[in-house]
Every structure is written in structure tokens, then in C-alpha cells.
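These protein sequences, in sequence, are chains A and B. Quick note on the working numbering: the first sequence kicks off at 1 and runs consecutively. Quick note on the working numbering: the second sequence kicks off at 1 and runs consecutively.
Worth flagging that the hints you see were computed from the coordinates, not collected in a lab. Every residue, glycine too, gets a C-beta built ideally from N, C-alpha and C. Be careful, since some hints might not be right.
[Unchecked claim] Derived PhoX-like pairs (lysine-lysine); straight-line CA-CA distance at most 20 Å: (1) A:LYS572 <-> A:LYS349; (2) B:LYS60 <-> A:LYS131; (3) B:LYS88 <-> A:LYS533; (4) B:LYS9 <-> B:LYS40; (5) B:LYS9 <-> B:LYS116; (6) B:LYS107 <-> B:LYS88; (7) B:LYS60 <-> A:LYS533; (8) A:LYS476 <-> A:LYS533; (9) A:LYS258 <-> A:LYS281; (10) B:LYS60 <-> A:LYS324.
[As the list claims (entries may be wrong)] Residues from chain A shown here face chain B by an in silico Cβ test under 10 Å; the list is partial: (11) ALA76; (12) GLN77; (13) ALA78; (14) VAL81; (15) ASN82; (16) SER91; (17) GLY94; (18) PHE121; (19) ILE125; (20) PRO410; (21) ARG460; (22) ARG485; (23) ARG487; (24) ASP490; (25) GLU528; (26) LEU545.
[Said to hold, decoys possible] Cβ pair distances, simulated, as ranges: (27) A:ALA216 <-> B:MET1: 47 to 53 Å; (28) A:ASP381 <-> B:ARG144: 43 to 49 Å; (29) B:ALA4 <-> A:ALA142: 37 to 43 Å; (30) B:ALA4 <-> A:GLU405: 48 to 54 Å; (31) A:ALA159 <-> B:ARG144: 25 to 31 Å; (32) B:MET1 <-> A:ARG389: 58 to 64 Å; (33) B:LYS40 <-> A:GLY160: 35 to 41 Å; (34) A:ALA164 <-> B:LYS40: 26 to 32 Å; (35) B:GLY117 <-> A:ILE125: 45 to 51 Å; (36) B:ARG130 <-> A:HIS138: 24 to 30 Å; (37) B:GLY117 <-> A:GLY160: 48 to 54 Å.
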Amino acid sequence: MDAGGLRSGRGRATISRLLRTGLAFISLAIVATAFAGTAGAGSEVAQGRRLYRDGIGTDGAPVHAVSQGDVPMRGAQAACVNCHRPSGLGSSEGGYYVPPVSGPLLFAPRKLDRRRLFPDFFHQIQPRRFKTRLHQPHMRPAYTLSTLATVLEEGVDPAGQRLARIMPHYRLSKADVAALYAYLRTLSAHVDPGVNQQEIRFATVFSDNVPAPERAAMLSVLRMYVHFHNLRLHEDRSRHRFSPYNRSEFVPIERAWKLTVWELKGPARTWRAQLEAQYRKHPVFALVGGKVDGSWAGPSRFCDENRIPCLFPDTELPAWPPPKDGYTVYFDAGLPLEARAIARFIASKSGAAAGSDVVQLTAADEYGRVPAAVFRHAMADHAGPGGLREFTFHSRATLERRLREVARDPKAVLVIWPGRDVRPTLAALAAVDPRVRRIFLPARAIPAVGKPVEPALARRMRFAEPYELNPSSHVKSFETRAWMRTRGLDLSHPRIMFEEYYAMSLLEAALFEISNDFYRDYLLERVEDESQKDLNPGIYPALALGPGERFASKGVYIVALTGRGEPRLVAKSGWITP
Amino acid sequence: MDAALAGEKPVVVQFFFTTCTTICGVRSAQILAASRELRKRGLDVGFYTISIDPHHDTPKVLLAYSRHFGVVPPPNWHLLTGTVAEVKRIQAALDASDPSADKMMHKPLTFIHAGKGLAWQRINGLTSTRSLVGMIETAVAAAR
Numbered sequence: 001m002d003a004g005g006l007r008s009g010r011g012r013a014t015i016s017r018l019l020r021t022g023l024a025f026i027s028l029a030i031v032a033t034a035f036a037g038t039a040g041a042g043s044e045v046a047q048g049r050r051l052y053r054d055g056i057g058t059d060g061a062p063v064h065a066v067s068q069g070d071v072p073m074r075g076a077q078a079a080c081v082n083c084h085r086p087s088g089l090g091s092s093e094g095g096y097y098v099p100p101v102s103g104p105l106l107f108a109p110r111k112l113d114r115r116r117l118f119p120d121f122f123h124q125i126q127p128r129r130f131k132t133r134l135h136q137p138h139m140r141p142a143y144t145l146s147t148l149a150t151v152l153e154e155g156v157d158p159a160g161q162r163l164a165r166i167m168p169h170y171r172l173s174k175a176d177v178a179a180l181y182a183y184l185r186t187l188s189a190h191v192d193p194g195v196n197q198q199e200i201r202f203a204t205v206f207s208d209n210v211p212a213p214e215r216a217a218m219l220s221v222l223r224m225y226v227h228f229h230n231l232r233l234h235e236d237r238s239r240h241r242f243s244p245y246n247r248s249e250f251v252p253i254e255r256a257w258k259l260t261v262w263e264l265k266g267p268a269r270t271w272r273a274q275l276e277a278q279y280r281k282h283p284v285f286a287l288v289g290g291k292v293d294g295s296w297a298g299p300s301r302f303c304d305e306n307r308i309p310c311l312f313p314d315t316e317l318p319a320w321p322p323p324k325d326g327y328t329v330y331f332d333a334g335l336p337l338e339a340r341a342i343a344r345f346i347a348s349k350s351g352a353a354a355g356s357d358v359v360q361l362t363a364a365d366e367y368g369r370v371p372a373a374v375f376r377h378a379m380a381d382h383a384g385p386g387g388l389r390e391f392t393f394h395s396r397a398t399l400e401r402r403l404r405e406v407a408r409d410p411k412a413v414l415v416i417w418p419g420r421d422v423r424p425t426l427a428a429l430a431a432v433d434p435r436v437r438r439i440f441l442p443a444r445a446i447p448a449v450g451k452p453v454e455p456a457l458a459r460r461m462r463f464a465e466p467y468e469l470n471p472s473s474h475v476k477s478f479e480t481r482a483w484m485r486t487r488g489l490d491l492s493h494p495r496i497m498f499e500e501y502y503a504m505s506l507l508e509a510a511l512f513e514i515s516n517d518f519y520r521d522y523l524l525e526r527v528e529d530e531s532q533k534d535l536n537p538g539i540y541p542a543l544a545l546g547p548g549e550r551f552a553s554k555g556v557y558i559v560a561l562t563g564r565g566e567p568r569l570v571a572k573s574g575w576i577t578p
Numbered sequence: 001m002d003a004a005l006a007g008e009k010p011v012v013v014q015f016f017f018t019t020c021t022t023i024c025g026v027r028s029a030q031i032l033a034a035s036r037e038l039r040k041r042g043l044d045v046g047f048y049t050i051s052i053d054p055h056h057d058t059p060k061v062l063l064a065y066s067r068h069f070g071v072v073p074p075p076n077w078h079l080l081t082g083t084v085a086e087v088k089r090i091q092a093a094l095d096a097s098d099p100s101a102d103k104m105m106h107k108p109l110t111f112i113h114a115g116k117g118l119a120w121q122r123i124n125g126l127t128s129t130r131s132l133v134g135m136i137e138t139a140v141a142a143a144r
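So that you can see chain B by itself, here it is in the shape it has in the complex (with noise of 0.2 Å):
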């Protein structure tokens, strides 16, 4: 992860866990939908997806997880777990922690880094494909 954020490709961050109701379905479907379109644009995005429930999201249970988007999921979507530790620490650097140990009240947070020394863009709440990928687009051109 630490790699991924040190390097110059624009990268967006979620944070997640497998068995989420409501929101995390629509968001995965979303990235997928978002990846496609930005590669049509000529886009190279990494689209990391961190779990906040590491003890049941495995990478076994996570792999599940994103072949039930699609038979091939794309290869910049990467599906992360870690020690609850690491996880807990990648929130705190985000100002992402969750207000308590209960998962259920996660909030649907998405950042976008454009690249290396950039800031990063948090939106709070869910947005249309066309929003999500026209503020990716948006940060990228800033950055160049």
C-alpha cells in the first residue's frame, strides 16, 4: 500500500468489508463501471478497496468477493486486508477511523490522489458513476 501511494499513478481509496449491506455492493459495482470508463478515457487508475473487517475479509473471502462482480475482475482493482493494526492505521492517516468498533456505521468515503506530493480529495457519500469519474479525470489534469 505504502508502494501504491509513493508512486506517481492517480490512485482512489474505499474502505469496506465483504458482508456490508446497503452501500458497499453499489460501490464495488460502481468501481468496476468507473475502471471501464477510465480506461476507455486512457486512464491508468488503481482502485484499492481496503477491508475494515480483516479478521473475516481473507484474501480467500476477498477473492470470492470480487469474482462476484464479474467473471474477470479488472487487474488495477485491488482488494486489500492486513492486521487490524495496519488497517486501523491507513484510516487514521486518512481521518477515516470509524467512530467505533461497530462496522455497521463505516462512512462511504472515497479518496482520490492524483499522484505523488499532490493532496488527496475525500467525498463523503455516494455519487453518480459520471461524478465519481469526472472528479478523477479532473484531479489527474490538475496534476499534469
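Looking at chain A on its own, in the form it has when it is part of the complex (with noise of 0.2 Å):
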């Protein structure tokens, strides 16, 4: 600083400066403040999620669009998400290519990358109009926020190209348009963990108390799929330039698999720390088959919290209620579906008079109370609240005394769940053989039936069966088997070894389509269209999620035991989607 003293002119240069300064900071405060009041309503980006996902804009009300350029639509109807998919990377359906918005795509110049494209072009039976569509993209500059306003409120592209009409006209402040803009530069904005350019990596779930020879059964099937993988990658990779019908292009996405066995000690209650620790330990991509003796539910907030698809465990206790956006995909809904249509059976049979005669013993572990709430809420759903009765049992003993007393009724028809171990219930039934008018019980009960079965009592019972009566009536049941055998697999429990080849293949099939885009919601939604290819080897009727659905089979057959021989499963019922 001069110190020969202030000249006026300087003076007041330094006046204004420091008034100029002092804007300065009041302007910032008063951008400060701004922001902290959107931020007292949720951050930006948090705004801008509600308005994808949920169709709300900054205001808090449904925004309005215009589809098709007469159909109106508000809120959830006219939500991004419905077409852009949670990922952001799109879909393709009904003939119509919904393109990618994700934050990478969206705000970069458009490129052209057949890989991405390659499903869309080759794996799916769609129009020409779709196929001549894809051959003429749009080729424009990167999306800006100005941009951005314009496409959503006008349907126009930055290089001035008209969008499909189907794409709805937004109506939009400029708060909606700048939150949708700080979340979709978010949207699948980095490759989630579990993958690097070499490897992806699994985790298969076992909790210790599934029986040794199961856990061995579902292994070998499960590390037998990644080693052919794994093998077929490595030929690929060790020849130059290999490139039959032009896969060279594709063997740089292509990553060697590691799968690795997660095993949870203890009670179900404390699997969900166990997982926690596993997957700080080694994060993985995804969880993929396995199987659990107990309750899903802690598993289940694992994989939601921290968005890890988790791909078909065998579990019978889903977490239930299903959670709205849940990560964990099923074969079927267990106790929960069983519950569901042996009330659905039972009120069809006896109409609303039903509940008056039903009684409900239920075990006082999570095997009985889980079903027997839903059971509970179907009934009162179909025959109105009241009438039902019901008993918690805790020992054979206690269940032995209450099935005497009901044993007297030639009308009460009987649904028992039993507890983790179904043996004593059976025993209690074997004892007392109460001369109701029918027994019904969940299908974990069937196993443990006493061959042969005292054919009075036979006849009394029915079990919900969720599973195929007839495989080999499916063609790729004889595929499955092959593939196992040639393999050198010991077929010891078909069943589950069948749905760790479901699941695997599913995964695969799942994995080409997401190219190098290493998104694991994306792998979810390609997961639900996969799904819906014939990959079922024959172990339920069919096999098929849809967007957003988490249970890939959705009924049971009511059956009998025949009681001659060697006992044996015949329907008495259609199959029951309740």
C-alpha cells in the first residue's frame, strides 16, 4: 500500500472496491440462503430424484405432461423412471426405444456404440419401424441445463431434432429443470463396485444351518456355470484378434467371474451385520443363489441399503411386506404365497361361510407367525374379519392337546404351520388323526409325511405346492440335465441344483446385455427382461418378472398325497395366482 497517503481518486477506487467486495458477499449469502431453503425441502439432487422417480416437482405437486400430443398425464403417470428405468439406461418395448439418460450419456455428445445397441438390434422381435429407428440416431451435442428445459418442454433435441412423440412435453419451472439436471448428472455416473477391467465378483449366501449335502449340491452347479465361463473367457482371450461372427468387439466387456461363499452362523436376526461385514471385507457386484433356512428380511435391508441386486436366494421367508424398490429377487413368495392361496382355495370352496369353520395352529417361531398373518388378512379379505380361530402351539404337546379338541368337528377345516422343524407336527397329526374335514399345510411339510402315509389321514390333507408337478413336461428340463451330467455333476437334489442353473444362467444372460455399463440397477432391469426369455429348466411352470416385479413365480397348485406306495403329489386345484 502506497503510504504516502490516499490520492481522492484512489480513495474512492478503494471505497468501491471494498462496496464492491461487500455485494459481493451479501450476494453470496443471499445464493447461500437460497440454496440452504431448497436444501431445508432436500437437496437438489434429491429434489430431482423425487421428480424422476416419483413425477413431483420442487413445488411439491404432480407436474403435468403431454404425451402423443393429446394425452395428458400428471405425476406418476408422467414420471421419467417409467421409461428411463431406475438405471437411466433405458428400454425398449412394445416397439418403441426409450434411449439412455444416464449423466455420462446425456451430458456428452451422442456416440455411437453398437455394443450398447447390440440386444436392441439382434435379441429382440420388434417392429421395423424400431429397427429403422435405431439405424437413423440422432447424432447431437452434449445436453446443457438450457438444453435440458428445451427437450422436456418442447420435445426438441440440441441438434434441433424432433424426439418421438411419445416422449411427453413437460410443463416445468426452472427449479424442476435445474434439480432433474443435478440428478441426472448423477444417474449411473460411476461403475459400482465389485467390478474392475478384469473380474466381476459374486457371493453365493448359505446360512449354516441348510443340511451339508444341499449347500454341496448348489455349489457344485454354481462354481461348475463360472468355471466354463471362466474357461470359455480365457480361449477368447488367448487367441489374437480372435473374432468369430465379430464377438472380438465384445470380449473386451467381458470379465472373468469370482464367486465367493458368504456363510451366516447364528440366528437370522443377526445375518444382516454378518453380510455387512462380508461386503466390507470383499464388495461384490451382486449376490447370486444360494439358500437360507430363516428369514430373508435381514439380508433383504442389506441388499436394499446398500443396492446390491441379490439374485434369487432360496429362501421360504421373503422380506415381507415385499419393500417398494427392493434389490432381491425371488423364485416365488414362499409361506407368504402358500398362506395367500390356501385362503384363496378355501373361500372358493366354501364362499363366505369359509371363516366359521377355519381354525389356525400356528408354531410360535417366525415358520409359523409370518404365514399366519397373511393367512389371517387373506381370509378376512375373502369372508370378512372374525370367525377364524386360532392357536399358537410351542411344543407337540400343546399342539397334540389342541388338535384333540378340534378333532371332534367334522366340519373345522385345519391350516397349520408348522415351526421350523415340521416333524413334530406331523407326529402330532399321525397320533391324534383328527377326523376333520381337511388338514392344510404348508409344502416344507411334504418331505417330512411318514411313508407310507396312514391313507385316512391322507385323504384329509392338502399342501400348497409351488412348484412344477410335471418337469419333465418343460424341454429345457432334458437341456438342464445334460448340461449337468456332461459335467460330471452327482444329480442328488435336482430341484435346487435346477435353480442355481436358473439363476446362473439368468445372470449371464443378464451380464451380456449390460455390456461395459456396470450398473447394478441396470443389471436388475436386465435381469427382468432376461427373465422373460425360456430359461426355465422346468422346476416351476413358469419363470418371468416383469419391470419392477421381484417374484418370478406366482402360484401354487393345492395337491394331495396319495396315500398307495411310494407317495406321490396329484393336483386338486388349478394353479392358484392368489
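From the two separate chains plus the hints, produce the assembled complex.
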């Protein structure tokens, strides 16, 4: 600073500079407050996510949009997620291609990537109009905040091209667009953990109370599948410029698979913490297959909170009620499904009078409590509340006592939910032999029914059976069995081994479709899509998901055991989808 | 369904499934808009939307879906489900069978039937509500 005193000019300049700085501080403060104001309602990214997923604007009201020129839509109907999907990688359906809007793709100039479009070109049965459109991509520069506003309001992209009329025109405020812009920048912006340039890591989960032979059988299939995948990859990579059917461009997207076994010890309520600990040690991209004897509720929270796809664990107790936007995909809904189906079956046979004759006997653990609650609600739906008699039993002795009480009522319909160990229940039934009209039991009780079954008792028992009664009616069952035989696997446990084969073949198909886009949400979306191809090895009558669906099989047969010789199952109903 | 088709009342048929992304939401919203417009013009048309995913789309699920589009969906919009065999039969009868088990590949078809004994009109693809209403009106007028 000039020590020779301030001349008036410089003094004025200093003062005005000070004023300007002061003003700058004030405007910064205003901006900061404004930001804090929005932050009070959730950060901009959170607001953008709400707009993307739920169609709610920054003012808290549903947004308005018009599709196809004159179809009004609002709120959740108009939410971006419906077509562009949670991952933002888009979809293809009904002859319409929906392009990706993830951050890295939207905010960069359009680049042609045949690998990303490969499934749309070659794996889907789409009309000619669809293929034509794919062959005429709209090249464009990167989107900016202002061109994003334009495309949402007018349907014109940064290169001045018109989007398809199905893309809605939105009425959005500046704050709405800014929020969406902030969110989209983060959408699928980074590849998820558990994958690097060389390999992708998976884990399979077993609880320590699953019998060792079952676990060994399932693992043999999983490990063999992984082994053959890696073998094929090694072959491809070891040939210089190998390119059968132009596959060389796909070899770089392939990763070696690494499968780790995570064993869960002790009670089910400790499983979630164990999974967190395992994940911290070995981050994996997804969980696949496996089996637990107990509730999946804890693991489900682990999968949802870490946003990890958990593909087809074998469990009778899925998280119930199913969480919204859950990350676990199941074969079927286990005991809750059976409870609903039994309620539906009883109501269809006896109508509104059903409730008064039904006695529900429930074991005191989760294998009893969970389906009992579902059954109670389902019966209330069908036959009105009340009328349902219920008892909880803690031991074989208490169950026998209850059975003796109801045994004198020939109109009674018993619905019994055995505890984790089904044998005491079946022993009690054999000992008392209640002469009631019907006794309903879950499928898991079937293996414990004594051979030979007392014919009179067998005639009265009904089971909810969620599986295919005639697996060899599915062509794919032969192919699957052949795959296992040629690899020297002992078919000791066909059903659960076929389950693992299905889980792996579906994972493999979905992995090919996601190309280099290793985003977990995208994997889950492709699993949903690919599950609809014919991969069912015959363990269920039908296995298919859809967007947002989490249970691949949705029904049961009500079956009885034939009492003669080696008991087998005979259907007493059609396929019930409650 | 057979009863509806055997009657004199004009009928519009579409296929969908509730978890469908992309096109079904627009088409359902369009049915509501079209139905409002036709009612204003004094036309009583039955809209039948049939699920091609009957295992998932139980009556409960369909009811929830219809409420998604407005607190009180119109009484002439019928969302139908059934057995897989029944759905496939209707699809085959209308030459609307899906090319594969993959329901994502279903076609955006709309069928208009103006009345008993008349030919069916088949539209492949999405249109504006105005066009759809116009086509329904034309079909009904031609039937008279």
C-alpha cells in the first residue's frame, strides 16, 4: 500500500472496491440462503430424484405433461423412471426404443455404440419401424441445462431434431429443470463396486443350518457354471484377434467371474450384520443363488440399503411385505404365497361361510407367525373379519392337545403352520388323527410325511405346492440335466440344483446385455427383461419377471398325497395365483 | 368378454400388463381421455384392456392400477385378467399373439369393433387421442 497517503481518486476506488466486495459477500449470502432454502426441502439432487422417480415437482405438486400430442398425464404417470428406468439406461418395449438419459451419456455428445445397442438390434423381436429408427440415430452435442429445458418442454434435442411423440412435453419450472439436471448428472455416473477391468465378483449366501449335502449340491452347480464361463473367456482372450461372428468387439466387455461363499452363522437376526461385514471385506457386484433356512428380512435390508442385486436366494421367508424398489429377486414368495393361496382355495370352496369353520394352528417361531398373519389377512379379505379361530403352539404336546379339541368337529378345516422343524407337527397329526374335514399344510411339510401315509389321514391333508408337478413337461429340463451330466455333477438334489442353473443362466444373459455399463440397477433391469426368455428348466410352471417385479413364480397347486406305495402328489386345484 | 363382443355396443380392445413401462401408461391415460371425449359426444363405448401377464395381474393388482390413473376410473373401462390359456385364445382370435414369451415385445395394437356382425378395425402403434376418437366415431357412424 502506498504510504504516501490516499489520493482522493484511489480512495474512492478503494471504497468502491470495498463496497463491491461487500456486495459480493451479500449476494453470496443470498445465494447461500436460497440454496439452504432448497436444502431445507431436500437437496437439489434429492428433488431431482423425486421428479425423476415420482413425477413430483420442486413445489411438491405432481408435474403435468402431454404425450402423443394430446394425452394428458400427471405425477407418477409422467415420471421419467417409467420409460427411462431406475438406472437411466432406457429400455425397449412395444416397438419403441427409449434411449439412455444417464449422466455420462446425456451430458456428452452422442456416440454410436453398437455393443450397447446389440440386444436391441439382435436379441429382440421388434417391428421394422423400431429397427429403422435404431439405424437413424440422432447425433447431437452434449445436453446443457438450457437444452435440457428445451427438450423437456418442446421435444426438440440440442441438434434441433424432434423426439418421438411418445416422449411427453412437460410443464416445468426453472427450479424443476435445475433439480432434474443436478440429479441426472449423478445418475449411473460411476461404475458400481465389485467389478474392475479384469473380473466381476459375486457372492452366494448359505446359512449354516442348511444341510451340508444341499449346500454342496447347489455349490457344485454354481462353481461349475463359473468355471465354464471363465474357461470360455480364457479361450477367447488367448487367441490374438479372435473374432468369430465379430465377437472380438465383445471380448473386452467380458470379465472373469469370481464367486465367494458367504456363510451366515447363528440366528437370522444377526445375518444382516454378518453380510455387512463380509461386504466390507470383499465388495461384490451382486449376490446370486444360495439358500438360507430362516427369514431373508435382514439380508433384504442389506441388499436394499447397499443397492446390491440379490438374485434368487432360496428362502421360504422373503422380506414381507415386499419393500418398494427392493433389490432381492426371488423364485417365489414362499410361505406368504402359500398362505394366500390356501385362503383363496378355502374361500372358493366354501364362500363366505369359510371363516367360521377354519382353525389356524401356528408354531411360535417365524415359520409359523409370518404365514399365519398373511393367512389371517387373506381370509378377512375373502370372508370378512372374525370367525377365524386361532391357536399358537409351542410344543408337540400343546399341538396335540389343540388337535384333540378340534378333532371332534367334522366340519373343521385346519390350517397348520409348523415351526422350523416340521416333524413334531406331523407326529402330532399322526398320533391324534383328527377326523376333521381338511388339514392344510405348507409344501415344506411334504418330505416329513411318514411313508406309508395313513390313507385316511392322507385323504384329509392338502398341501400348497409352488412347484411344477411334471418337470419333464419342460423341454429345458432335459437340456439342463444334460449340462449337469456332461460336467460330471451328481444330480443328488435336482430341484435346488436346477434353481442354481436358472439363476446363473439368467445372470449370464443379463450380464451380456449390460455390456460395459456395470451399473447394478441396470443389471437388475436386464434380469427383469431376460427372465422372460425361455430359461425355465422346469422347476416351476412359469418363471418370468417384469419391470419392478420381484417374484418370478406367482402361484401354487393345492395337492394331496396318494396313499398307495411311494406317495406322490396329485393336483386338487388348477394353478392358483392369489 | 364373449358377451361384450356379441353385443351391439361398440368395443375397443387393447392388450397390456401392469408392470409395462414405456407405452402402456400412455395408452391407459389415452383411454381415459378418449372415454371422456366420447361421453361428451354422447357415445357409449366399452374399453377392454386385457392383461397378457395374468399370473401377476390379479384383479387386486388391476384395481390398484386403474386407481393410479384417477381416483374414480370410468365405469366403461374394463381391465381383464384370466388364465394364460384364455388370454392366448383372445390374442390368437384377434391375430395379436405375442411373437415370444417375452411380454416386452408385445405390439401396441388397438382394436375397434363398432357392433355385432361388423368388421374389426386394427391400429398398430400409438396415435393422438383426437385420431383415436375420430376413428371410433367414424366406425360407429358407418355402422348405423
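Tested hints:
{"no.": "1", "hint": "A:LYS572 <-> A:LYS349", "in the structure": "12 Å, holds"}
{"no.": "2", "hint": "B:LYS60 <-> A:LYS131", "in the structure": "37 Å, violated"}
{"no.": "3", "hint": "B:LYS88 <-> A:LYS533", "in the structure": "17 Å, holds"}
{"no.": "4", "hint": "B:LYS9 <-> B:LYS40", "in the structure": "17 Å, holds"}
{"no.": "5", "hint": "B:LYS9 <-> B:LYS116", "in the structure": "8 Å, holds"}
{"no.": "6", "hint": "B:LYS107 <-> B:LYS88", "in the structure": "14 Å, holds"}
{"no.": "7", "hint": "B:LYS60 <-> A:LYS533", "in the structure": "26 Å, violated"}
{"no.": "8", "hint": "A:LYS476 <-> A:LYS533", "in the structure": "12 Å, holds"}
{"no.": "9", "hint": "A:LYS258 <-> A:LYS281", "in the structure": "15 Å, holds"}
{"no.": "10", "hint": "B:LYS60 <-> A:LYS324", "in the structure": "17 Å, holds"}
{"no.": "11", "hint": "ALA76", "in the structure": "7 Å, holds"}
{"no.": "12", "hint": "GLN77", "in the structure": "5 Å, holds"}
{"no.": "13", "hint": "ALA78", "in the structure": "8 Å, holds"}
{"no.": "14", "hint": "VAL81", "in the structure": "8 Å, holds"}
{"no.": "15", "hint": "ASN82", "in the structure": "5 Å, holds"}
{"no.": "16", "hint": "SER91", "in the structure": "6 Å, holds"}
{"no.": "17", "hint": "GLY94", "in the structure": "4 Å, holds"}
{"no.": "18", "hint": "PHE121", "in the structure": "14 Å, violated"}
{"no.": "19", "hint": "ILE125", "in the structure": "4 Å, holds"}
{"no.": "20", "hint": "PRO410", "in the structure": "33 Å, violated"}
{"no.": "21", "hint": "ARG460", "in the structure": "28 Å, violated"}
{"no.": "22", "hint": "ARG485", "in the structure": "26 Å, violated"}
{"no.": "23", "hint": "ARG487", "in the structure": "27 Å, violated"}
{"no.": "24", "hint": "ASP490", "in the structure": "31 Å, violated"}
{"no.": "25", "hint": "GLU528", "in the structure": "8 Å, holds"}
{"no.": "26", "hint": "LEU545", "in the structure": "8 Å, holds"}
{"no.": "27", "hint": "A:ALA216 <-> B:MET1: 47 to 53 Å", "in the structure": "51 Å, holds"}
{"no.": "28", "hint": "A:ASP381 <-> B:ARG144: 43 to 49 Å", "in the structure": "45 Å, holds"}
{"no.": "29", "hint": "B:ALA4 <-> A:ALA142: 37 to 43 Å", "in the structure": "52 Å, violated"}
{"no.": "30", "hint": "B:ALA4 <-> A:GLU405: 48 to 54 Å", "in the structure": "51 Å, holds"}
{"no.": "31", "hint": "A:ALA159 <-> B:ARG144: 25 to 31 Å", "in the structure": "49 Å, violated"}
{"no.": "32", "hint": "B:MET1 <-> A:ARG389: 58 to 64 Å", "in the structure": "40 Å, violated"}
{"no.": "33", "hint": "B:LYS40 <-> A:GLY160: 35 to 41 Å", "in the structure": "38 Å, holds"}
{"no.": "34", "hint": "A:ALA164 <-> B:LYS40: 26 to 32 Å", "in the structure": "29 Å, holds"}
{"no.": "35", "hint": "B:GLY117 <-> A:ILE125: 45 to 51 Å", "in the structure": "34 Å, violated"}
{"no.": "36", "hint": "B:ARG130 <-> A:HIS138: 24 to 30 Å", "in the structure": "27 Å, holds"}
{"no.": "37", "hint": "B:GLY117 <-> A:GLY160: 48 to 54 Å", "in the structure": "51 Å, holds"}
Violation of the numbered hints given earlier is confined to hints 2, 7, 18, 20, 21, 22, 23, 24, 29, 31, 32, 35; the remaining hints are satisfied by the structure.
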